[in-house]
Amino acid sequence: MKIRDLLGSTALALGLAFGSVSGASAWSLKEAAAPYAGTTVDVVFLLRPGYEAIEAMLPEFEEETGIKINIIKHPYENALGEQVRDFVAGGDLDIALIDLVWIGNFAENEWIVPISKFTSDPALADPDLDMDDFFPLVLNAFGGWNGEIYGLPFDNYSGLLFYNTCMLEEAGFDGPPETWADLKDVYGPALTKDGKYAYALQSKRNETQSADSFARVLWPFGGSFLDENFRSNLLSEESQAGLQFRQDLMQYMPDGIVAYDHAETVNAFGQGDVAMITEWSAFYSTVVNPETSKVADCVAIAPEPMGPAGRKPALGGFSLAVAAQADDAEQAAGYLFIQWATSKANAGEYLERGGVPARQSAYADPALAETYTFIPALVESWQDGVPEFRPRFAEWPEITEIVQEWGTKIMLGEVSTVEGAEELGTRMEAVLEDAGYYSGDKPLAQ
Amino acid sequence: MRGKVSRKTIFAFLGPSVIALALIGIAPLLYALWTSLHFFNLTKLRRVKFIGLENYGEVLTDGAFWQAMGRTFYLLALSLPLQLALGMGIALILHKPGLTLLKTLARLSLVLPMATTYAVVGLLGQVMFNQKFGVINQFLSPFGGGSINWIGDSSNAFIMIVFWDVWQWTPFVALVLLAGLTMVPGEVEEAARLETKRWWTILRYVQLPFLMPGLVAVLILRTADTLKLFDMVFTLTRGGPGSSTELISLMIQRVGFRAFDQGLASAQAIILLIITIILAQIYIRVFYREV
Numbered sequence: 001m002k003i004r005d006l007l008g009s010t011a012l013a014l015g016l017a018f019g020s021v022s023g024a025s026a027w028s029l030k031e032a033a034a035p036y037a038g039t040t041v042d043v044v045f046l047l048r049p050g051y052e053a054i055e056a057m058l059p060e061f062e063e064e065t066g067i068k069i070n071i072i073k074h075p076y077e078n079a080l081g082e083q084v085r086d087f088v089a090g091g092d093l094d095i096a097l098i099d100l101v102w103i104g105n106f107a108e109n110e111w112i113v114p115i116s117k118f119t120s121d122p123a124l125a126d127p128d129l130d131m132d133d134f135f136p137l138v139l140n141a142f143g144g145w146n147g148e149i150y151g152l153p154f155d156n157y158s159g160l161l162f163y164n165t166c167m168l169e170e171a172g173f174d175g176p177p178e179t180w181a182d183l184k185d186v187y188g189p190a191l192t193k194d195g196k197y198a199y200a201l202q203s204k205r206n207e208t209q210s211a212d213s214f215a216r217v218l219w220p221f222g223g224s225f226l227d228e229n230f231r232s233n234l235l236s237e238e239s240q241a242g243l244q245f246r247q248d249l250m251q252y253m254p255d256g257i258v259a260y261d262h263a264e265t266v267n268a269f270g271q272g273d274v275a276m277i278t279e280w281s282a283f284y285s286t287v288v289n290p291e292t293s294k295v296a297d298c299v300a301i302a303p304e305p306m307g308p309a310g311r312k313p314a315l316g317g318f319s320l321a322v323a324a325q326a327d328d329a330e331q332a333a334g335y336l337f338i339q340w341a342t343s344k345a346n347a348g349e350y351l352e353r354g355g356v357p358a359r360q361s362a363y364a365d366p367a368l369a370e371t372y373t374f375i376p377a378l379v380e381s382w383q384d385g386v387p388e389f390r391p392r393f394a395e396w397p398e399i400t401e402i403v404q405e406w407g408t409k410i411m412l413g414e415v416s417t418v419e420g421a422e423e424l425g426t427r428m429e430a431v432l433e434d435a436g437y438y439s440g441d442k443p444l445a446q
Numbered sequence: 447m448r449g450k451v452s453r454k455t456i457f458a459f460l461g462p463s464v465i466a467l468a469l470i471g472i473a474p475l476l477y478a479l480w481t482s483l484h485f486f487n488l489t490k491l492r493r494v495k496f497i498g499l500e501n502y503g504e505v506l507t508d509g510a511f512w513q514a515m516g517r518t519f520y521l522l523a524l525s526l527p528l529q530l531a532l533g534m535g536i537a538l539i540l541h542k543p544g545l546t547l548l549k550t551l552a553r554l555s556l557v558l559p560m561a562t563t564y565a566v567v568g569l570l571g572q573v574m575f576n577q578k579f580g581v582i583n584q585f586l587s588p589f590g591g592g593s594i595n596w597i598g599d600s601s602n603a604f605i606m607i608v609f610w611d612v613w614q615w616t617p618f619v620a621l622v623l624l625a626g627l628t629m630v631p632g633e634v635e636e637a638a639r640l641e642t643k644r645w646w647t648i649l650r651y652v653q654l655p656f657l658m659p660g661l662v663a664v665l666i667l668r669t670a671d672t673l674k675l676f677d678m679v680f681t682l683t684r685g686g687p688g689s690s691t692e693l694i695s696l697m698i699q700r701v702g703f704r705a706f707d708q709g710l711a712s713a714q715a716i717i718l719l720i721i722t723i724i725l726a727q728i729y730i731r732v733f734y735r736e737v
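Same order as they appear, the protein sequences are chains P and S.
Each step along the first sequence adds one to the number in my numbering, with nothing skipped, and position 407 is 407.
Count along the second sequence starting at 1, add 446, and that's the number in my numbering.
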């Protein structure tokens with residue numbers, strides 16, 4: 001009996017050991033998702049190419065896992081408000097779509113779950129997840145807060161210079177401007193004529209004004225929103241130089257540039273009315289598609305021009321994180337979707353379908369750069385970007401409203417750059433004081 | 447008469463309406479009042495606290511709030527007289543005898559702008575007033591106005607808002623005034639026409655007294671509508687460029703749902719409500735007379 005027991009327990013132990021080993025080596029999405037088949041996961045998507053790309057790939061995921069992904073589409077402008085209301089009300093969202101400037105807000109409110117909860121679970125974590133394969137800057141800026149990773153980079157942008165080679169060649173240029181000063185002083189006068197403009201800087205009074213316009217001229221000139229003590233840095237010589245540069249550059253932009261959002265700017269470029277734009281990499285597929293761009297054959301991409309402080313290109317993008325309000329099954333199913341959507345294995349197809357993955361391995365093949373001409377500039381930007389291009393703390397929604405209002409007033413000439421910066425600084429500091437940064441109640445974290 | 451109706455019957459008839467009104471109208475109002483007395487930011491719910499009238503103080507001393515309020519009243523001051531003048535003209539034309547079929551068609555077509563959703567009007571405006579391919583600039587190009595920047599210029603954007611408000615709500619004014627004109631007894635109007643051929647005299651002394659209730663209703667409704675005008679402007683300009691078309695309702699939405707400061711936004715909304723009630727009372731006391 002004892003021998004039988006011994007043999008039996010030995011066999012069981014060996015079986016478990018081999019079973020676990022074979023289980024680890026044979027991790028599959030299908031098996032990991034089996035307990036969650038039939039679960040519906042609610043997620044917010046934007047009306048942008050990267051989301052259409054993953055949506056087109058979705059049937060494969062749903063078929064393999066039995067998990068249903070319920071996509072709720074919003075324009076960018078509504079996405080934050082819709083999600084905040086859902087989380088405050090304890091709604092249905094199981095995955096949060098997080099712009100990099102929302103991460104502090106979402107994390108501090110505990111609306112999202114650290115990714116380690118799932119990556120530490122062998123039943124859920126794909127052994128090929130390879131977190132080190134994400135561009136470190138992108139992973140930390142888009143999905144990280146206070147040393148903890150919450151979201152995996154999903155819809156990833158860097159500011160790039162899109163230029164019309166045909167227009168530039170016609171004006172006698174054999175390449176794009178290397179510096180912002182050249183763009184204004186050399187390319188600007190030569191390309192602004194006959195109803196065409198050298199450049200368009202999307203500056204509509206929404207996040208576009210803060211992220212794409214205001215911040216874009218601060219960093220390359222050595223400026224910033226805040227100094228190391230979280231006091232306004234907008235009156236510094238460098239910040240003022242950047243803001244004044246934007247005012248001077250406006251003469252080479254279309255009239256009413258303060259009403260231009262991404263759509264108007266990309267359209268102006270796509271229609272051949274504007275020779276250069278600095279836009280997110282996500283719009284690459286739009287401007288090279290002959291159905292949406294008249295200048296598809298003339299499009300070339302370069303990194304954003306350099307300022308006195310270096311290149312400092314715009315950085316933006318989204319991560320996906322599991323929502324704390326979801327139940328256990330929805331959280332697990334949600335994580336499996338995020339892991340799949342951002343995986344190394346799917347990065348190539350995501351790229352082909354118009355998305356921009358944040359996987360370094362996806363861009364390793366030099367041949368890809370011939371097909372996707374934005375890749376070298378993108379990779380360079382992600383190695384040279386500024387994580388705090390816009391502050392990522394919880395107070396950003398209030399501060400961006402102030403930047404949007406006064407940034408636009410500056411552009412319209414209703415106030416000077418100094419007056420605008422003074423007002424902006426006073427209001428920004430009031431928000432930060434109220435939040436407790438100056439009293440020491442809150443760490444100066446970005 | 448009153449003694450014959452039981453309390454149960456009265457409650458049965460009035461009760462559902464009162465309960466519905468309390469649930470839909472009064473409860474949210476009370477909640478807004480409560481919120482306005484608190485620091486209540488949706489992204490900082492752990493810090494909700496009673497702050498008394500602090501939000502009201504901030505609103506009343508905020509230049510941006512009064513600028514938005516001024517902009518809203520400026521819109522009202524520009525669009526309401528235009529709507530009244532054009533509406534009166536249309537009503538008087540439709541009130542004239544003859545051309546019955548055409549007048550019926552005209553009355554029907556007057557309903558179309560009112561039936562158009564505000565947001566659709568805003569989107570239509572975006573397309574029609576587009577600087578490059580909009581039909582308005584195409585139409586104006588023979589007169590030298592083919593490249594007017596409507597949406598990106600502060601003054602032009604405001605003119606555009608006035609245009610669409612007048613387009614959408616002049617028919618409403620016309621129909622209300624037309625209904626008022628039909629109240630004028632035919633024999634009185636006929637007698638007046640025998641006395642004088644001056645249309646202004648007839649309008650002033652015979653028709654206008656019958657139009658007053660309708661005019662007061664128009665004043666109150668259009669004032670309230672303008673004070674809360676949101677959808678059309680939001681879809682058309684989003685309050686821009688800059689703040690040039692940021693009406694008070696857009697500002698409240700921005701504070702409440704983009705900066706998530708529900709307490710401050712509620713205080714703004716309560717102040718707006720008080721202003722609306724005061725204006726309605728003034729209209730009734732100054733203009734309203736029983737015929």
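These are computed hints drawn from the structure, not numbers from a lab.
There could be a bad hint or two in this list.
Said to hold, decoys possible - Label pairs and their in silico Cβ distance ranges: (1) P:Ala329 - S:Trp480: 32 to 38 angstroms; (2) P:Asn146 - S:Gly503: 31 to 37 angstroms; (3) S:Phe585 - P:Gly172: 52 to 58 angstroms; (4) P:Glu228 - S:Trp480: 38 to 44 angstroms; (5) P:Glu228 - S:Leu479: 31 to 37 angstroms; (6) P:Glu110 - S:Ala468: 33 to 39 angstroms; (7) P:Glu55 - S:Gly591: 29 to 35 angstroms; (8) S:Ala565 - P:Ala430: 53 to 59 angstroms.
Said to hold, decoys possible - Computed footprint of chain S on chain P, listed as stretches where at least three residues anywhere in the stretch have a Cβ under 8 angstroms from a Cβ of chain S: (9) 153 to 167; (10) 202 to 208.
Just so it is clear, CB atoms sit at the ideal spot from N, CA and C, and this is done for glycine as well.
Structure-based check of each hint:
Against the hinted window of 32 to 38 angstroms, the Cβ-Cβ separation of Ala329 of chain P and Trp480 of chain S comes to about 37 angstroms, which satisfies the hint. Here the CB-CB span from Asn146 of chain P to Gly503 of chain S is close to 35 angstroms, well matched to the stated 31 to 37 angstroms. The given range of 52 to 58 angstroms is broken by Phe585 of chain S and Gly172 of chain P, whose C-beta atoms sit roughly 39 angstroms from each other. For the hinted restraint 38 to 44 angstroms between Glu228 of chain P and Trp480 of chain S, the CB-CB distance of approximately 41 angstroms keeps it satisfied.
Taking the beta carbon of each, Glu228 of chain P and Leu479 of chain S are about 43 angstroms apart, not inside 31 to 37 angstroms as hinted. The beta-carbon spacing between Glu110 of chain P and Ala468 of chain S, approximately 36 angstroms, falls within the hinted interval of 33 to 39 angstroms. Under the hint 29 to 35 angstroms, the C-beta atoms of Glu55 of chain P and Gly591 of chain S, about 44 angstroms apart, miss the expected range. Between Ala565 of chain S and Ala430 of chain P the C-beta distance comes to about 34 angstroms, which lies outside the given range of 53 to 59 angstroms.
Counting residues of the region 153 to 167 of chain P whose C-beta sits closer than 8 angstroms to any C-beta of chain S gives 0, which falls short of three, so the coverage hint is violated. Taking a C-beta to C-beta cut-off of 8 angstroms, the region 202 to 208 of chain P contributes 3 residues in contact with chain S, enough for the three needed, and the coverage statement holds.
Consistency with the previously given hints fails for numbers 3, 5, 7, 8, 9, ordered from lowest to highest.
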